[in-house]
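**Student:** The lines below spell out each chain.
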Amino acid sequence: MLEIKNLHVSVGDKEILKGLNLSIKAGEVHAIMGPNGSGKSTLSYVLAGRAGYDITEGLITYNGEDLAALAPEVRAAKGVFLAMQYPVEIPGVTTMMFLKTALNSQRRARGESDLDAVAVLKLVRAKAKTLNVSEEMLKRALNVGFSGGEKKRLEILQMALFEPKLAVLDETDSGLDIDALKLVAEGVNTLRASSRAMLVITHYQRLLDYIVPDRIHVLARGKIVAEGGKELALELEAKGYEHILKEPA
Amino acid sequence: MTLVLPSTIEARKAEAATIFGSHGVPTRRVEEWKYSDLKVALGEAGIGTDQALWQVDTLPDGVEMFDLSRNGAPDWVQKHFATAGRNIMGTASLTLSDGGVALRIAKGAKISRPLKLTFQGNGHVRGLLVLEDGASLTLVESVGIADFRNVGFEIVLGEGASLEHVRISQQSADAVLVEEASLCIAAGARYCAHFVGFGSKLSRMELEIALEGEGAQAHLSGVSVLDGKRHSDVTTHVIHRHGNTASTQLFKHVAGGNARAVYQGKVTVAKGADGSDSHQSAKALLLSENAEADLKPELEIFADDVKCAHGAAVGDLDAESLFYLRARGIPEAEARGLLLQAFLEDAVAEIVNIDQRELVRTELLTALKRVA
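Chains X and C, in that order, give the protein sequences.
For the first sequence, my numbering gives the first residue as 954, with consecutive numbering after it.
For the second sequence, my numbering gives the first residue as 7, with consecutive numbering after it.
Keep in mind the hints are simulated off the structure, nothing from the lab.
Just so you know, even glycine gets a beta-carbon here, dropped at the ideal spot from N, CA and C.
One thing to keep in mind: the hints can contain errors.
[To be verified] Listed next, the in silico EDC-like pairs over lysine to aspartate or glutamate satisfying Cα-Cα at most 20 Å (straight line): (1) X:K1092 with C:E351; (2) X:K1082 with X:D1132; (3) X:K1092 with C:E364.
[As the list claims (entries may be wrong)] Chain X residues, not near chain C, derived (Cβ > 10 Å throughout): (4) E981; (5) N989; (6) R1028; (7) G1064; (8) D1069; (9) S1100.
Using the sequences and the hints, build the whole thing.
**Tutor:** Take a look at the structure:
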């Protein structure tokens, strides 16, 4: 589903990703771990199409298409979803209104008809219940005054609503206490499917206790420096990143 | 029919004529007009002596009306007409207008149906609205198409009266429109005004508000969405004459093309008006390099114990918010529109009347599509 080859990405004059390779098939959950500043968030932003992240070399292929050529909204309609580390607060746009607009924009782009307000509300309510997102939160302005946990839950709610093919979760565990973490992980786990690929980006092993990946990649200095099964996370936890970084990639 | 004015009104009009005579049509050299050059906008045609018109849609029960072009002004008109406000264009309309409309809400009357008032046509016209003690009303003011119009509007709120004033100005690009509203607000009375503007060659709404008694309040909000070469100017002067009075102002502008948004807001707290509370905020988003916003909040404080805050900011759309919306599938143009709507929303949300609030939202949406 996702094939990244020799990816070089610069932000301004600074090269952040320096020849990254990664391949994820449908049905798989991969994790990317790495120390701060290794390029984890850059990778997530490049996948979602944020401006200012320039691909200087390499290729990202998503279901056979050159992903970089697509606008962010086109990627979303084609099934790419990024759960952001810092969801943006937008005063003046209610959460419910935002969800409806986003869902219908994606549907329209795929040539599907709009869902009316009642149908969207029904859908959202069903997903919101399991993620403990209250009716009151849906009425509030998007992410405004939400706690860290509420923001992350809303990201997962969107993931459940949009049913993406490729879900990238950027530091979804940051700022969460253990109960919130479990709730979010549970939400993610229910979305695991044979048709869906997931890329979980995290600094800590903790999240991977709850979202168990098929494969773990260690990102450091803009490259994948180590790969392995889920046991790699435990090794990192025990020995730290320094240990792996010393070994030749 | 010859209009025979009561001597009191005659004297006030003569005083206004003297003031206007000494000033003439304002240019940028007049401080209050430094961002809006009326004389240049009018060109050779000048302000003329045409009589503009007014229209009231079905008068709600409990509202009394008097046509100012007729003889026999009732006592309440004689008492209030031409008493407030001596800004330049206000004196011009007093000098040059023979007509207009006066409206009265009797003591304690609560009018539930909005009163719809339209000023239309070219030239000068006057309006007077009196809410007696304890009366309440929603006034919906429409701005008819014109080449040039100058409206002088006086509003008097008696003790404990309450007025919500909504004014939506949709104009052709080459119109020159000026309106001056002068308000006297008595103790415990409350004035809430919302100005929605889409600009024109020159559109200016000027307010002079005197908070005259304990607990008097004025809450002003406004939005403007401007494209092309449109110009919109809101100039306010709120005077806290009495202690424990409150005023708030929240103005939001979106300007694209070569448009220009102006907000000048002066708050004066008179000597002895302790316990006055005032808050002013003006913000603008500029969507093109040639768009301009001039935001000038100003405080003039002669009392000791007051709480006043003011602020102004000019900026562009937030790139991070735009990316967030697009990453969720919302196309760029629509995402921009949504963020612009969101930017204006807190000012729109202040409109209490639901029908008017929804109408404003719809009109803004259409205008935002033009500029976004």
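**Student:** Now tell me, hint by hint, if it's right for this structure.
**Tutor:** Going through the hints against the structure:
Annotation: proposed proximity of K1092 (chain X) to E351 (chain C) holds, straight-line Cα distance about 15 Å (limit 20 Å). Among the hinted pairs, K1082 (chain X) with D1132 (chain X) is consistent with the structure: their alpha-carbon atoms are about 16 Å apart, no more than 20 Å. The straight-line distance between the Cα atoms of K1092 (chain X) and E364 (chain C) is roughly 18 Å, inside the 20 Å bound, and the hint therefore holds. E981 (chain X), annotated as away from the interface, keeps every beta carbon of chain C farther than 10 Å; the closest lies near 22 Å.
Against the 10 Å criterion, N989 (chain X) stays outside the reach of chain C, whose nearest CB is about 20 Å from its own CB. Listed as outside the interface, R1028 (chain X) is inconsistent with that label: its C-beta sits roughly 8 Å from the nearest C-beta of chain C, within the 10 Å cut-off. Distance check for G1064 (chain X) against chain C: the nearest CB is about 14 Å away, which clears 10 Å, and the non-interface claim stands. No beta-carbon of chain C is positioned within 10 Å of the beta-carbon of D1069 (chain X); the least distance is around 18 Å.
No Cβ of chain C approaches the Cβ of S1100 (chain X) within 10 Å, the least distance being about 18 Å, so the stated non-interface status holds.
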